[in-house]
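Following the hints, position chains B and C against chain A.
Chains as they are written, first to last, in the working numbering: chain A, 1 to 337; chain B, 1 to 324; chain C, 1 to 285.
Hints in this document: simulated from the structure, not taken from any laboratory.
All of these numbers come straight from a predicted model, not from anything done at the bench.
Errors might be hidden in some of the hints.
[To be verified] Result set (PhoX-like, lysine-lysine): computed pairs, CA atoms no more than 25 Å apart in a straight line: (1) 12/B - 174/C; (2) 152/A - 109/A; (3) 67/B - 174/C; (4) 2/A - 71/A; (5) 110/B - 195/C; (6) 72/B - 311/B; (7) 274/A - 209/A; (8) 2/B - 311/B; (9) 67/B - 195/C; (10) 89/B - 174/C; (11) 195/C - 92/B.
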Amino acid sequence: MKPLLRVQNLKVGFSIFDGFMKVLDGISFTVFEGEPVGLVGETGCGKSLTVKTMLRMLPSTAHISGRIFFKGEELLSMDEDRFYRLRGNEIAYIPQEPMNSLNPVFTIKEQMIDHMLFKGLRKVGWNKYYSLRKNKERINKALEKAKEMLEKVQIPDPARVLDSYPYQLSGGMRQRVLIAMALLASPSLLIADEPTTALDVTTQAQIVKLLKERIFNERLATIYITHNLGIARQVARRILVMYAGNIVESAFTEELFREPLHPYTRGLLDAIPKLTKEEVEGIPGRIPDYVNPPSGCRFHPRCPYRMNVCSKVKPELTEVKSGHYVSCHLYEKGKRV
Amino acid sequence: MKTVLLNVENLKKYFPILGGIFGKVIGYVKAVDDISFSIYEGETFALVGESGSGKTTVGKIIVGIYKPDSGKIIFNGYDLFNTNKKFLKKIKMNISMVFQDPASSLNPRKRVIDIVMTPLNIYKIGSKQDRIKRVRELINLVELTDEYLYKYPYSLSGGQKQRVAIARALALNPRFIVLDEPTSALDVSVQAKILKLLIRLQKMYKLTYMLITHDLSIVRNVADRVAVMYLGNIVEIASTEELFHNPLHPYTRALLSSIPVITNEEAELLPEKVELKGEIPSPVDVPSGCPFHPRCYARTDICDKNKPALKELRKEHFVACHLF
Amino acid sequence: MKGYRAEELRRMLYRLKKNKLSILGLILVSTIFFIALFAEIIAPYPEDSYKIHIEKVFQPPSWEHPFGTDEMGRDVLSRVILGSRISLILGISVIIVAVSLGTVLGLIAGYLGGFIGSLIMRVTDVFLSVPSMALVLAVSAVVEPTMENLIFAISFGWWPWYTRLVYGEVLSLKEEEFVQAAESLGAPSLYIMFKEILPNLIPILIVKGSLDMGYAILTGSILGFLGLGVRPPTPEWGTMIGNGRLHLPGKWWLTFFPGLAIFLTVFSFNLLGDGLRDALDVKLE
Numbered sequence: 001m002k003p004l005l006r007v008q009n010l011k012v013g014f015s016i017f018d019g020f021m022k023v024l025d026g027i028s029f030t031v032f033e034g035e036p037v038g039l040v041g042e043t044g045c046g047k048s049l050t051v052k053t054m055l056r057m058l059p060s061t062a063h064i065s066g067r068i069f070f071k072g073e074e075l076l077s078m079d080e081d082r083f084y085r086l087r088g089n090e091i092a093y094i095p096q097e098p099m100n101s102l103n104p105v106f107t108i109k110e111q112m113i114d115h116m117l118f119k120g121l122r123k124v125g126w127n128k129y130y131s132l133r134k135n136k137e138r139i140n141k142a143l144e145k146a147k148e149m150l151e152k153v154q155i156p157d158p159a160r161v162l163d164s165y166p167y168q169l170s171g172g173m174r175q176r177v178l179i180a181m182a183l184l185a186s187p188s189l190l191i192a193d194e195p196t197t198a199l200d201v202t203t204q205a206q207i208v209k210l211l212k213e214r215i216f217n218e219r220l221a222t223i224y225i226t227h228n229l230g231i232a233r234q235v236a237r238r239i240l241v242m243y244a245g246n247i248v249e250s251a252f253t254e255e256l257f258r259e260p261l262h263p264y265t266r267g268l269l270d271a272i273p274k275l276t277k278e279e280v281e282g283i284p285g286r287i288p289d290y291v292n293p294p295s296g297c298r299f300h301p302r303c304p305y306r307m308n309v310c311s312k313v314k315p316e317l318t319e320v321k322s323g324h325y326v327s328c329h330l331y332e333k334g335k336r337v
Numbered sequence: 001m002k003t004v005l006l007n008v009e010n011l012k013k014y015f016p017i018l019g020g021i022f023g024k025v026i027g028y029v030k031a032v033d034d035i036s037f038s039i040y041e042g043e044t045f046a047l048v049g050e051s052g053s054g055k056t057t058v059g060k061i062i063v064g065i066y067k068p069d070s071g072k073i074i075f076n077g078y079d080l081f082n083t084n085k086k087f088l089k090k091i092k093m094n095i096s097m098v099f100q101d102p103a104s105s106l107n108p109r110k111r112v113i114d115i116v117m118t119p120l121n122i123y124k125i126g127s128k129q130d131r132i133k134r135v136r137e138l139i140n141l142v143e144l145t146d147e148y149l150y151k152y153p154y155s156l157s158g159g160q161k162q163r164v165a166i167a168r169a170l171a172l173n174p175r176f177i178v179l180d181e182p183t184s185a186l187d188v189s190v191q192a193k194i195l196k197l198l199i200r201l202q203k204m205y206k207l208t209y210m211l212i213t214h215d216l217s218i219v220r221n222v223a224d225r226v227a228v229m230y231l232g233n234i235v236e237i238a239s240t241e242e243l244f245h246n247p248l249h250p251y252t253r254a255l256l257s258s259i260p261v262i263t264n265e266e267a268e269l270l271p272e273k274v275e276l277k278g279e280i281p282s283p284v285d286v287p288s289g290c291p292f293h294p295r296c297y298a299r300t301d302i303c304d305k306n307k308p309a310l311k312e313l314r315k316e317h318f319v320a321c322h323l324f
Numbered sequence: 001m002k003g004y005r006a007e008e009l010r011r012m013l014y015r016l017k018k019n020k021l022s023i024l025g026l027i028l029v030s031t032i033f034f035i036a037l038f039a040e041i042i043a044p045y046p047e048d049s050y051k052i053h054i055e056k057v058f059q060p061p062s063w064e065h066p067f068g069t070d071e072m073g074r075d076v077l078s079r080v081i082l083g084s085r086i087s088l089i090l091g092i093s094v095i096i097v098a099v100s101l102g103t104v105l106g107l108i109a110g111y112l113g114g115f116i117g118s119l120i121m122r123v124t125d126v127f128l129s130v131p132s133m134a135l136v137l138a139v140s141a142v143v144e145p146t147m148e149n150l151i152f153a154i155s156f157g158w159w160p161w162y163t164r165l166v167y168g169e170v171l172s173l174k175e176e177e178f179v180q181a182a183e184s185l186g187a188p189s190l191y192i193m194f195k196e197i198l199p200n201l202i203p204i205l206i207v208k209g210s211l212d213m214g215y216a217i218l219t220g221s222i223l224g225f226l227g228l229g230v231r232p233p234t235p236e237w238g239t240m241i242g243n244g245r246l247h248l249p250g251k252w253w254l255t256f257f258p259g260l261a262i263f264l265t266v267f268s269f270n271l272l273g274d275g276l277r278d279a280l281d282v283k284l285e
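If we strip away everything but chain A, and leave its shape as in the complex, we get (with noise of 0.2 Å):
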């Protein structure tokens, strides 16, 4: 398979009222062609950061270094107007809280139809927006478009919805409506933030089963993020942990539930309540502050197995076994310490 999105060493910043916020860390990680990738963490580890770097929606005063390829080109210091062509056609995104994410004084079609005609174009003038809502070929063939999307994302009624606005809607619905917003550039990434966090259980199932049968296909390439480690298991290949600005554990999903590696990694499933009804265990203390971030490995202070060289050295991401990676000091050279 050959890699789509490879992110080099990303760091990220920003100066706030009391100082720096050192947040991503020099992160690196590898998407595949068509590899459903799961972004896993808790709330304040950078996941959702990691994503906006990459769509290039921070504001100004970020600091960022570091490099993202994707299919080959580096995003970051691309020009803009081929950046918005990119964005607007290979890479798709799927914002949180779908409750919010739709305009709530347009219909669902108006808003596809504009998706589809204005996708990847960063600046419009008056000329051009009349011109393209005039093309009322372009309309016609975006109008079946959308409706083919509503059917593949399982809407049992295109024509009501397109004639809907959000708010007659219901959650399942618009995350639906969404998705299908998302695929209509047939984009080779899809990258969707928390999809299934706001919606109750039963939609939730059916929003994932929706994903892995019918989305999730070997010409698209996911990141999904979510701090749900159920949810991850169901939905991805390759799972991602981040933890405080690191990508602490990377493996195959059956590989990682069944020997965590990491101490994080480890802390955050025994703190999952189980059916089995084993007995929970939080992880003591809180997530770091980033201004003043724990020296060495930032997971240090909260770890049981901590040593003296933790807090003294940053800990690599290395590969322990085949495809397994992780970011400890337990684990040097592909051994357990």
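The following block gives chains B and C in isolation, referenced to the frame of chain A:
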């Protein structure tokens, strides 16, 4: 011997929807539609359901935020809505609530010490000095140090905010606490700590909990008995063990089978995968007969005509379904 | 305890500092307050608030009288400085009255509602439908022009806006969970209104109050201009303009400097109010 602490009888709460220029009533949100259940002293009773089920409304009625349209709530023998005001105030000292979103349940312009002291101030317990002492005690009980007393909510993490909310709920030494999704807004690692705290406090003070949640994994770990709600109705009540081993109502089965588990051992405990058609209708438009019938895989002819009543099928296992 | 208040203040000041214009507003407003406070000491001829010097009438700006002298030979600079106190007292008093009245009425109408609440809001609506200047003028025309009466008159035009503002805020705050939490504890309504809801109203009131201060002062000046203000010889900017108007365009300094004072005052409060709104807004997030 199990004594009943709280008895809910035929509780109904409809929220009117006003429309038109003159604000006429054009419909009702049937939040709670004739439900009954009992909670025994010392147990953790879970009220489970998805959005629109009415579970939060039930909790808020019990603590007095909403007044029911009909029905009774008997706490420790006293009818909460039919007792004189003075006496009622004393009874209400025994009931308190921890809300779902710690960020909005704490007044952002008040400091922790004032927030936790609020119940003591309202009931005029002791002198100012006594109250401060008690607040200190409570804060330490929820595993926070004294330095948190003078902080504002915005500088606290989600878990810390929830601890403050719990401290406030404990201020008057209640016997019964309604916990409305106490950990939904928290991260997984924090969730575990809060759950352990709640369990510890329950043992220490012999508290009775009514846990409102949609998370069945928590229910399995923490609750003694469970009631499953759907669109304002209770569809099944059973002990936790019994519910997980023998889910009877089709909705319960669907709910259980959609839990995103993380181990294979857990997956084996789930009932066969049930897929529901469509989505939960709005409580404004409750289907006729059994509210679940449009989505039910086992629907029969009478299901859209008669609403099934809650019947005791096995010992202490109640279901509201025409299949039985 | 003090440490945490101080930190709040520091954070607010940090945000204020980021906006250069609001710093300017803060400096200007502080200057105006300072001038008003120490008016008698700063003014070169403090006795000119009442003394007449016929021999010095209508002198154009000079070294001895940088703003010139007026129709009674009084030093315009001193009168402008002294007038700042009148205007500020007027402005602050009006805002205090309007805020207090508006908050209490808004709280009752918003939280308690019912018949009284509707009554309050209907009365407020009536007052709002009449242009505030007309109200203010009507009231000030029939009362004696003392300071207290002026404040009373101007407040007429201001209180309904605060009532409406508070009413709206209370309606939304009422549904917040921390209010429901207090209700679940059995807190009496008065407690909830003043101890839970009111503290959340303060930021908005501060912002609106400081923005309005300038306009309250302006309204006072308008009354003075129309001759409905404080009795002469009390130096008041509007009155000075009113009197000086007759001598335009020749003796321009009689109207220009008081006018400039009004302009700068309103402008400064605007800047400050804007800055405060940004500073407090972010904090509420």
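Hints and how they fare:
{"no.": "1", "hint": "12/B - 174/C", "result": "holds (23 Å)"}
{"no.": "2", "hint": "152/A - 109/A", "result": "holds (16 Å)"}
{"no.": "3", "hint": "67/B - 174/C", "result": "holds (16 Å)"}
{"no.": "4", "hint": "2/A - 71/A", "result": "holds (9 Å)"}
{"no.": "5", "hint": "110/B - 195/C", "result": "holds (9 Å)"}
{"no.": "6", "hint": "72/B - 311/B", "result": "holds (20 Å)"}
{"no.": "7", "hint": "274/A - 209/A", "result": "holds (22 Å)"}
{"no.": "8", "hint": "2/B - 311/B", "result": "holds (21 Å)"}
{"no.": "9", "hint": "67/B - 195/C", "result": "holds (24 Å)"}
{"no.": "10", "hint": "89/B - 174/C", "result": "holds (22 Å)"}
{"no.": "11", "hint": "195/C - 92/B", "result": "holds (21 Å)"}
In this structure, none of the earlier numbered hints is contradicted; all agree with it.
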